[in-house]
Amino acid sequence: MSRATNSFSRSAAAHAILIAYTIIALFPVFIIVINSFKSRNAIFRTPMAPPTAETFDLVGYRTVLAQGDFLQYFQNSFIVTVASLFFVLLFGAMAAFALSEYRFRGNKLMGLYLALGIMIPIRLGTVAILQLMVASGLVNTLAALILVYTAQGLPLAIFILAEFMSTVSDDLKNAGRIDGLSEYTIFFRLVLPLVRPAMATVAVFTMIPIWNDLWFPLILAPSEATKTITLGAQMFIGQYVTNWNAVLAALSLAILPVLILYLIFSRQLIRGITSGAVK
Amino acid sequence: MTATSANKRPFRWHIAIFLAPAVLVYTAIMIMPLFGTLQLALFRNVSQSQVFVGLDNFRTLFGDPNWSVNFWNALRNNVWFFIIHMLVQNPIGVVLAALLSSPKLRFSAFYRTAIFIPTILSFVIVGFAWKLILSPLWGVAPNLLDLIGLKSFFTPWLGKEEYALTTLGLISVWQFIGIPMMLIYAAMLSIPDEVIEAAECDGVTGMAQFWKIKLPLILPAIGIISILTFVGNFNAFDLIYSAQGALAGPNYSTDILGTFLYRAFFGFQLQVGDPNMGAAIATMMFLIILVGVCIYLFLIQTRLRRYQF
Numbered sequence: 044m045s046r047a048t049n050s051f052s053r054s055a056a057a058h059a060i061l062i063a064y065t066i067i068a069l070f071p072v073f074i075i076v077i078n079s080f081k082s083r084n085a086i087f088r089t090p091m092a093p094p095t096a097e098t099f100d101l102v103g104y105r106t107v108l109a110q111g112d113f114l115q116y117f118q119n120s121f122i123v124t125v126a127s128l129f130f131v132l133l134f135g136a137m138a139a140f141a142l143s144e145y146r147f148r149g150n151k152l153m154g155l156y157l158a159l160g161i162m163i164p165i166r167l168g169t170v171a172i173l174q175l176m177v178a179s180g181l182v183n184t185l186a187a188l189i190l191v192y193t194a195q196g197l198p199l200a201i202f203i204l205a206e207f208m209s210t211v212s213d214d215l216k217n218a219g220r221i222d223g224l225s226e227y228t229i230f231f232r233l234v235l236p237l238v239r240p241a242m243a244t245v246a247v248f249t250m251i252p253i254w255n256d257l258w259f260p261l262i263l264a265p266s267e268a269t270k271t272i273t274l275g276a277q278m279f280i281g282q283y284v285t286n287w288n289a290v291l292a293a294l295s296l297a298i299l300p301v302l303i304l305y306l307i308f309s310r311q312l313i314r315g316i317t318s319g320a321v322k
Numbered sequence: 002m003t004a005t006s007a008n009k010r011p012f013r014w015h016i017a018i019f020l021a022p023a024v025l026v027y028t029a030i031m032i033m034p035l036f037g038t039l040q041l042a043l044f045r046n047v048s049q050s051q052v053f054v055g056l057d058n059f060r061t062l063f064g065d066p067n068w069s070v071n072f073w074n075a076l077r078n079n080v081w082f083f084i085i086h087m088l089v090q091n092p093i094g095v096v097l098a099a100l101l102s103s104p105k106l107r108f109s110a111f112y113r114t115a116i117f118i119p120t121i122l123s124f125v126i127v128g129f130a131w132k133l134i135l136s137p138l139w140g141v142a143p144n145l146l147d148l149i150g151l152k153s154f155f156t157p158w159l160g161k162e163e164y165a166l167t168t169l170g171l172i173s174v175w176q177f178i179g180i181p182m183m184l185i186y187a188a189m190l191s192i193p194d195e196v197i198e199a200a201e202c203d204g205v206t207g208m209a210q211f212w213k214i215k216l217p218l219i220l221p222a223i224g225i226i227s228i229l230t231f232v233g234n235f236n237a238f239d240l241i242y243s244a245q246g247a248l249a250g251p252n253y254s255t256d257i258l259g260t261f262l263y264r265a266f267f268g269f270q271l272q273v274g275d276p277n278m279g280a281a282i283a284t285m286m287f288l289i290i291l292v293g294v295c296i297y298l299f300l301i302q303t304r305l306r307r308y309q310f
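Protein chains in written order, with the numbering used here: chain A, 44 to 322; chain B, 2 to 310.
Next comes chain A alone, as it looks inside the complex (with noise of 0.2 Å):
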């Protein structure tokens, strides 16, 4: 009897504290995105009240969506990040295929080579990229940005990928060949299909930090027509610091993508973090 009260004042209190640190993790986020939709009266006389019909107000919102070129800059970074994780999946996923599955001389030292972009950040590297940009004529274009996050992403994809990979069965390639299926249709047809769990795994992985980026946006495409919306998002508000009803809007309107797109995929994240991806 003593060991259940025992055990269930002991789930009260791990519920109390997961709880008290949700509520940590969420405040901040809850409270920009219901004060967004205030009056400024009300967002300084009760910051921490949700919007009722009096103080019900979308000022902020017109504001950001007269002034800035919202759509222009979440159209920048969705072609970024949807171009750049599209190469470092496919390269990615070839190139893992090229370690995992053949023995050639020098494909551990090739492996080690790839796996070195995983720790040394490609940030480093920044003022010789700046001049690789500005020498090819790159700069302000997306096309910059693709290349760079395309590099930033493969050395994981790959690492991933390799893993992943090894674990598909030799049988059915082989099979494959004895059906005189070329190396590259065996890749495309047989193999790549069976590893979609981890390349979603590598996907989630890969946007995250390529949409949120701000240092690469503001070095190499800081222009009006190629601003990502990270970047444009923080120029705007940059400008507008004492507006506050521009700028909560301004920040609700960076969150909400991001947030919807997680809650969508935050079990495929989870899972991938957790089987083993980077155990």
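There is no bait here: all hints are sound.
Reference listing, derived: stretches of chain B covered by chain A, where coverage requires no fewer than 3 residues with Cβ under 8 Å from a Cβ of chain A:
hint	region
1	25 to 35
2	90 to 100
3	129 to 135
4	238 to 247
5	288 to 296
Everything labelled a hint here was simulated from the structure, so no lab data went into it. Since the model is a prediction, treat every value here as computed from it, not as a measurement. Even for Gly, the Cβ is constructed at its ideal location relative to N, Cα and C.
Given chain A, put chain B in place with the hints provided.
Relative to chain A, chain B alone:
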């Protein structure tokens, strides 16, 4: 099978074709610029042309008070930033993961999802959101402290030299707590049930079980988190830039190597940008990260986990 056929066939083109795109992009955009940057650190721009000056830029960085004071300040701040992460993030991560991994816990998927949310937000959002919340103009932080009777404790933390860096460190911990939590959680799930059952048979339960059985088994995960945090902290930039600007105010008290590099490289206000000095600072960051990674790989990781390829 492929190994034997390798001897017969002269060259397997498909391997080269599979490897080529990744190796080319990675080499051209990542490895070459990295070495290019290390090389640039040895040059200086003299009347429109790059001249080899050996270690002169480093002499300036460490000898010229205009640079060295800022460099040591940034490095000191960066070390403190890292210490905050290690002291706050890891223990909280371990506690949350331990609670989440208890098998009979309900709603654990909800807690996991919710606690991970700050990690997916960008630094810009996090930096500004906290700046607003901690702002003395807006009553949120004082109001909250009032609820627990600590209103007199409130000061504008981000605006005071002595608190600003610690505050930003804690904000960063708030943002990234999801990663240690998840990795430690994964490590705890992978502890075999037999081990736990054996411990229970021997009467090792509760806290003793955690300290004696689980903690030693999750040490590899804590090792990985520590090195990820180290690398992340020593090239951090975005959060400080969003919350405090490139000058890392008040009075450079939140300046870390990333913001120092940005100012040196691009220039800010009166200071003119200098790519060569920027490269020298990036080289120092590279060396610091390299030392950290080597310590991890050769001293810690060799004892803890396999390396596979």
